[in-house]
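Mind docking these for me? Both chains are given alone in their own frames, and the hints should help you get the complex.
Sequence order for the protein chains is A and B. Residues in the first sequence are numbered from 312 upward in steps of one, following this note's numbering. Residues in the second sequence are numbered from 2 upward in steps of one, following this note's numbering.
Bear in mind the hints are in silico, worked out from the structure with no lab data behind them. None of the values given here were measured: they were computed from a predicted structure. Using N, Cα and C, we set each Cβ at its ideal position, and we do this for glycine too. Heads up, some of the hints might be wrong.
[Unchecked claim] Using C-beta positions, here's what the derived DEER-type ranges look like: (1) A:Ile-599 - B:Gly-123: 17 to 25 Å; (2) A:Thr-551 - B:Ala-264: 30 to 38 Å; (3) A:Ala-505 - B:Ala-14: 52 to 60 Å; (4) A:Ser-473 - B:Ser-58: 52 to 60 Å; (5) B:Ala-152 - A:Pro-461: 54 to 62 Å; (6) A:Gly-408 - B:Ala-134: 52 to 60 Å; (7) B:Thr-125 - A:Ala-519: 36 to 44 Å; (8) A:Pro-461 - B:Ser-58: 45 to 53 Å; (9) A:Glu-600 - B:Met-183: 47 to 55 Å; (10) B:Asn-142 - A:Lys-393: 44 to 52 Å; (11) B:Tyr-93 - A:Ala-519: 27 to 35 Å.
[Said to hold, decoys possible] From the structure, some residues in chain A lie toward chain B, with a derived Cβ separation under 10 Å: (12) Leu-432; (13) Val-443; (14) Phe-445; (15) His-446; (16) Phe-483; (17) Ser-501; (18) Phe-503; (19) Phe-613; (20) Val-614.
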Amino acid sequence: MSRSALGRVAAWVRAHPIAAFTVFFAAFPFLVPYQSLATQVLIFGLFALGFNLLYGYTGLLSFGHAAYYGLGAYGTGIALAKLKVTSLWLALGIGLGTAVVGGACIGFFCLRRRGIYFAMLTLAFAQMLYFVAFHAAELTGGDDGLRGIPLHALGLPGGSLSLRDPLAFYFFAYVLVVLAVAGLKRILDSPFGAVLQAIRENGDRAVACGYDVNRIKLLSFVFSALFAGLAGGLDALRLTVVPVDALYWSTSGQVVIMTLLGGAGTFFGPFVGAATFLILADRLSIFIEAWPIVIGVIFMAFVLFLPKGIWGTLLEKIG
Amino acid sequence: MLDVPLSALAAQAFTGLVLGGIFVLMAIGLSLIFGLMTVVNFAHGSFYMLGAYVAFSVMGLTKSFWASLVLAPLVVGALGLVVERFLIRRLYGRGPDDPLLLTFGLSLAMVEGAKLVWGKIGLTVDPPKQLAAAVNLGFMNFPVYRLFVIAVTAAVLVALWLFLAKTNVGLIIRAGTRDPLMVRALGIDLNRIWLLVFGLGIAMAGLAGVLAGPMRGVYAEMGVEIIIDSFVVVVVGGMGSLAGAIVAGLLMGEVVSLTTFFAPKLAEIVIFIVMAIVLLVRPSGLFGEAGLAE
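In isolation and in its complexed conformation, chain B is listed as follows (with noise of 0.2 Å):
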């Protein structure tokens, strides 16, 4: 085992980090809604699935890759707006089984749906022209497309930060999540917060499912796919935790795409492992403060 190419490793260790980006742009979103309305959204799946039907419908009207990036998380996004106004509102509350619930009926709606629309038969999605290439990196030719995914990733991170810590609005949110109770009494009408909260880990949710359709092809069941690897990413990173999503996602990025260079078979229970052993050693997740919405 240790006579393997190292660039063929190095070569695994980008992928792993593109499928990191992905893992965490969910994994965000999913956290920043339950940080802020203790709302486990099931159904953040199926807006990612959502978002690369989306994106390919758009770039088969359009013709253009780039305007299926801008204009499928703003679709999906809006969708999330609607969702959040007329159906998860209705449940504060009431506890945080019911959002669950709820959501759950919605994804399965909505994979029907997509089966509905787009056919059952999965879709096949080109990178743009411009990013088809492979760019030689000194030591491994590595897919433009996926540096682009990897660079689309951070830059969604710095921009999610500077709003989160530079703005009012980041500021309010930030309170919210510490004592929604507090915040209200100051005069902060947090209704508007919790849509525009919502809207905007569905729109990201959106974007990872844009930005994953040319590598992992489009096809209805990818939500739920999706879903299940990010609550195993938020379990082992602490739910509520932003820093926790980043390190946690990046990390099962990583090893799954490590466990499917070394054992092929392993790569999809992998994380499920990783799960077990963060539950036994350190219950509460790497970055996860105990009692949280417990």
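If we strip away everything but chain A, and leave its shape as in the complex, we get (with noise of 0.2 Å):
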């Protein structure tokens, strides 16, 4: 492809970001070695999606992402298995509650210093979620994890649908990520995803000018629990098992991981790392018993030389 031809669908991808999205990830289950990769690149680019919108642009970084991935995993689980909840829609709803409120409660309290301090205080609640749903083993499973999850037949208007055929969960989920990602994109759009760059750039200026500061960042960490939180109750229903390490350190780490590799700050960067995480960490799983070395080095690398990641680098290049 000559460079003008690909500087033509750079643009248009720029211009129409939610089309090109919806156009690339019907056809990505075809494009990679098996189906639950693919529905795993959506779920987790949700997830990293969601860290995005409170680490590339609003300059929060989180070290405790898993905690709302997880409330949202256990929420969902947990009203199947246990509430014997029967609806999925339901079941998720109780997911992005849970996480929503978890993701309040917490922002109040890490947001209760700023700087270096936020991303400790966030490590820190989502390993205490982790012992609590280690030790609260009626409710959560403890260290076996939470099993027995039922996948019901998806309640449509005018039938019901199987999710236990891969595709046809990749495409419920899909939908579902196609909607956040439209929402996202909105909430960007918005005069407040304005403002969150702002206090991004410039936070003491952001209060300068009338901003309350403190209340959007809030807002913006219960936005990103919440795409965290669908991401977990979709990842809860992929697996029918929630297991404790959903709500683990290194959960929270992958999210970071992905969202660096692919490009903080930008739309699609976090699909395009989740995208690289998990596609190099299942070819590198194959040869290599301890490929996280691999990919911490690498990690590392992209820290030190190309800190917009790819997709951010990649954009600059095409200009």
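Listed below in structure tokens is the structure:
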């Protein structure tokens, strides 16, 4: 493809990001080695999208996003497995509600400190939830994870759809993720989104302009938890199990790595990063048992030499 | 709850002092590095883990705990010098998130690297024969090794205080914490000071790992567990404050230890509850100055 043709494609993607996203991910399951990997990319891309709203756009580095992903997963899973909810929509709604309430509470505490403390606090509160889930075995299954989540047929107007087929599940997740991506775009394009980016660039100036910066940060935190919670709820349905590691620091670390590999503060960076991470991990684990070493080294190289990530650097090169 | 034997309570309080000592060694290194360089070192816990593993290997080679007690912190500290010189130094001037992210990647690689070298299964380390017994303190029996850990922690703290308060280099470090630009204007090469302080902090993490090994076992994830606890200590004490690191470290050691005694299920959660309370009542930490690196 010539440079100008590439430029035209890039210009179209930039002008119609949601359409581009919809088209690309409709074809995506047929481009990867197996379909469950495509679903994973979609779900973790959504998780990273939520993280990116907070880190990339608001400038708040959270090292504890496993908390909201895990709350979404446990909320959805417990609704189906323990509360015997039969509607997937209701179960996902309960998961989202859990993540949002958790995000609001933890966000309130973490936002009492700024800067580098924020990262440490988010990590600490997420680890606290991990221990709570670990010990509350009657509710969460503890160390064994929450098992036996029934994957009921999805209720739709005029019928129901079984999600047992991987491709059917992919497109169920796809519809929700496209809606979430469109929602995020709407948030970022709103005056609220502009204030988020103003806070990232210069918090003091945003205060001086009369914005209630702490309230806006908390709102961004809650939105971010909402996306992470939806990702967690979908993953609970995908796996029909919630491992207690969903709340572990390594899950928080994964979403940080994905977002930075793809490009923090770019719209599609999180999905590019999730795809890179998951496909890399999938291929690497065939050859090396200790594949996280390779990921760790690649991540360090990105922080040092390519801080804009893959997508951010590409955008810069194409101009 | 009130008819607990006093001696058992005293023993638990003493155990808390030992755990607190480990927290203090970790938090002081973190705080020192942060105060001077505004670098939050996520890999601090992984150097603690490395200290424990290197001590295990040195003990295997030399059959001497004492050799490992001296050599392991030196080896780990030397590695810390390399990390500062070739990785972290590249990030000065980029804002505090980048060193945190870099050291997170480093810590991920170190945890997996340790599993490759020393295996996935945790190791147990025996305390040296001279310290294996228990001593009668009058009201209870207490393992000598734990008293030894308290003594080493205290000795390191005194040495560090003398170094910072009485030597020229210590004076430069304190000045560099206050106003690095002015120190540079006086013609002092701060790069060498940063290198030294980073190596010193890492060596203390390594020492904490060596000391913790015989009490808590040696396993690859031990580093990430202690770094989260250390972050909590530093938030409670106030980042950059050495007094805060000591007080909060000992306090958290006691809190964990006494909770283990009264409500074992809460032991892993209680420090986060204390942290939340401190955040509500005194957001800048017990000894923190509001606004520092915020």
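Verification of the hints:
1. A:Ile-599 - B:Gly-123: 17 to 25 Å: About 22 Å separates the Cβ atoms of A:Ile-599 and B:Gly-123, which means 17 to 25 Å holds.
2. A:Thr-551 - B:Ala-264: 30 to 38 Å: Since A:Thr-551 and B:Ala-264 have Cβ atoms about 34 Å apart, the given range 30 to 38 Å holds.
3. A:Ala-505 - B:Ala-14: 52 to 60 Å: Given a distance of about 55 Å, which is inside 52 to 60 Å, the answer is holds.
4. A:Ser-473 - B:Ser-58: 52 to 60 Å: Cβ of A:Ser-473 to Cβ of B:Ser-58: about 55 Å, so the range 52 to 60 Å holds.
5. B:Ala-152 - A:Pro-461: 54 to 62 Å: With a Cβ separation near 58 Å, B:Ala-152 and A:Pro-461 satisfy 54 to 62 Å, so the hint holds.
6. A:Gly-408 - B:Ala-134: 52 to 60 Å: With Cβ atoms ~57 Å apart, the hint holds.
7. B:Thr-125 - A:Ala-519: 36 to 44 Å: violated, 58 Å
8. A:Pro-461 - B:Ser-58: 45 to 53 Å: For B:Ser-58 against A:Pro-461, whose Cβ atoms are near 50 Å apart, the range 45 to 53 Å holds.
9. A:Glu-600 - B:Met-183: 47 to 55 Å: holds, 51 Å
10. B:Asn-142 - A:Lys-393: 44 to 52 Å: Given about 47 Å between the Cβ atoms, the range holds.
11. B:Tyr-93 - A:Ala-519: 27 to 35 Å: holds, 29 Å
12. Leu-432: A:Leu-432 check passes; min Cβ-Cβ to chain B is 6 Å, inside 10 Å.
13. Val-443: holds, 6 Å
14. Phe-445: holds, 8 Å
15. His-446: The hint holds - A:His-446 has a Cβ within 10 Å of chain B, the shortest such distance being about 5 Å.
16. Phe-483: violated, 33 Å
17. Ser-501: Since chain B brings no Cβ nearer than about 26 Å to A:Ser-501, farther than 10 Å, the hint is violated.
18. Phe-503: violated, 23 Å
19. Phe-613: holds, 8 Å
20. Val-614: Since the shortest Cβ distance to chain B is 5 Å, the answer is holds.
In this structure, the earlier hints numbered 7, 16, 17, 18 are contradicted, and the remaining ones agree with it.
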